[in-house]
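> First to last, the protein sequences are chains E and Z. Each residue of the first sequence is one higher than the one before, starting from 0 at the first, in numbering that gives the first Met the number 0. Each residue of the second sequence is one higher than the one before, starting from 0 at the first, in numbering that gives the first Met the number 0.
None of these hints come from the bench; they were simulated from the model. From a predicted model like this one, the values you see are computed outputs, not experimental measurements. Think of the CB as a built atom: it goes at the ideal place given N, C-alpha and C, for glycine as much as any other residue. Since no wrong hints were added, every one of them can be taken at face value.
Here are some of the chain E residues that sit facing chain Z, going by a computed Cβ distance under 7 Å:
{"no.": "1", "residue": "Gln12"}
{"no.": "2", "residue": "Leu16"}
{"no.": "3", "residue": "Leu27"}
{"no.": "4", "residue": "Asp37"}
{"no.": "5", "residue": "Gly128"}
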Amino acid sequence: MNFKKLRGEIYYQAALLGGVALVTTAALAFANKLTAGDIAAAQARDMQQSLIQVLPGKYDNDLLKDTVVLNGPNGEVTVYRARNAGRVEAVVFKVTGNGYAGPIDCMMGIDRNGHITGVRVIKHKETPGLGDKIEPAKSQWIYAFDGKSLGDPPAEKWAVKKDGGVFDQFAGATITPRGVVKAVKGGMDFFEKQRSKLLDEGDKS
Amino acid sequence: MSNLYARITRDSLWGNNIVFAQTLGLCPTMAVTSTATNGLGMGLATTAVLVASNMLISSIRHVVSEEVRIPVYIVIIATLVTLVDVSINAWAHDLYKVLGLYIALIVANCAVLGRAEAFAAKNPVLPSGMDGLMMGLGFTFALTTIGAVREILGTGTLFADAHLLLGSAFSFMEMKLIPDYKGFLLMVLPPGGFLAVGFLIAVKRIIDRRSASIAETVPVAAPAVS
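Model the full assembly from the supplied sequences, consistent with the hints where possible.
So, in structure tokens, the structure goes:
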């Protein structure tokens, strides 16, 4: 074949572009089919891990399957429920705070009595070296929430120390911990309001 | 023939280095080089894409029309990057958590298209693959160096979290060079990237000038062509 002459023809160029698009799309579709299962499994594993971190207690159900979707402080929230012998022992859900450089996503766990079992930041864009002390790898700060409830400390003390509360702020970064504290408080209020639904105790109201 | 490969290697790693000489691919360079480990990972991922794209584009160079070559190259490069992205996500998920954000940035690396256009479109498959490999390694070298400078000055560590990238066997690489270091935030933030790249390019120029002046003073056996 004389490609040299053919390459100058407009119909050849159109066919070439179409052919390349067809082949690459087919390759991508095939790769997508090949990897979709593994990617979904890996993401489920990630999710499971972030749930377990804030759930130290005992449970015997599949967290990822036992969910309920409710209207929370920032729109719809998927709540994962940990049961032991059928009774909901704790719930885990995501709350989002306003940080210095964008939203801060946290996963928080609350046991059936309203005590926090753990809080972990799962995604943030805070300043490295200042605001990133909300990560457990960088500082112990996030563990301050463990065991707290809406009565302990009292509602007006659910703030950073600078605002008259009980939670530390970091030198040079107040906005970040303030955002996290506010998000966790919002999560607690949400739990209190939706308690019976979250704990699957039927309609008692 | 081996002469050609030697020239490709020398050019790619130093003389015509993607970052330090061509100053291409600066977008991913600035974005990932806050640590040496990130730079290394991004460099290796880019190398894989460069080798594949160079060889593929070289193998179809007689079929592709001059007029539509750019869209063809871009579609091929974007496809390869997506393939690398989904494979790492599926089969090396821990690595993906470290590099995931950056892999898509390889598409924005004009150096990949640059090598396709400048080398692969005019040369046979094997030299093109070699060019991709060496250019990629040169890029990796540049990113790792910039990352190391920023990491040492910024946080006092070197190759932090290398085990996430290379496996736990490589955790010996993780060093804390300056104990009790308070950190120098500027170098970790984006301005530090510009500063590090600027100073390293200056260092490369100084080295080049030194070696050129040495070459002048040393009497050369064969008379130089004027």
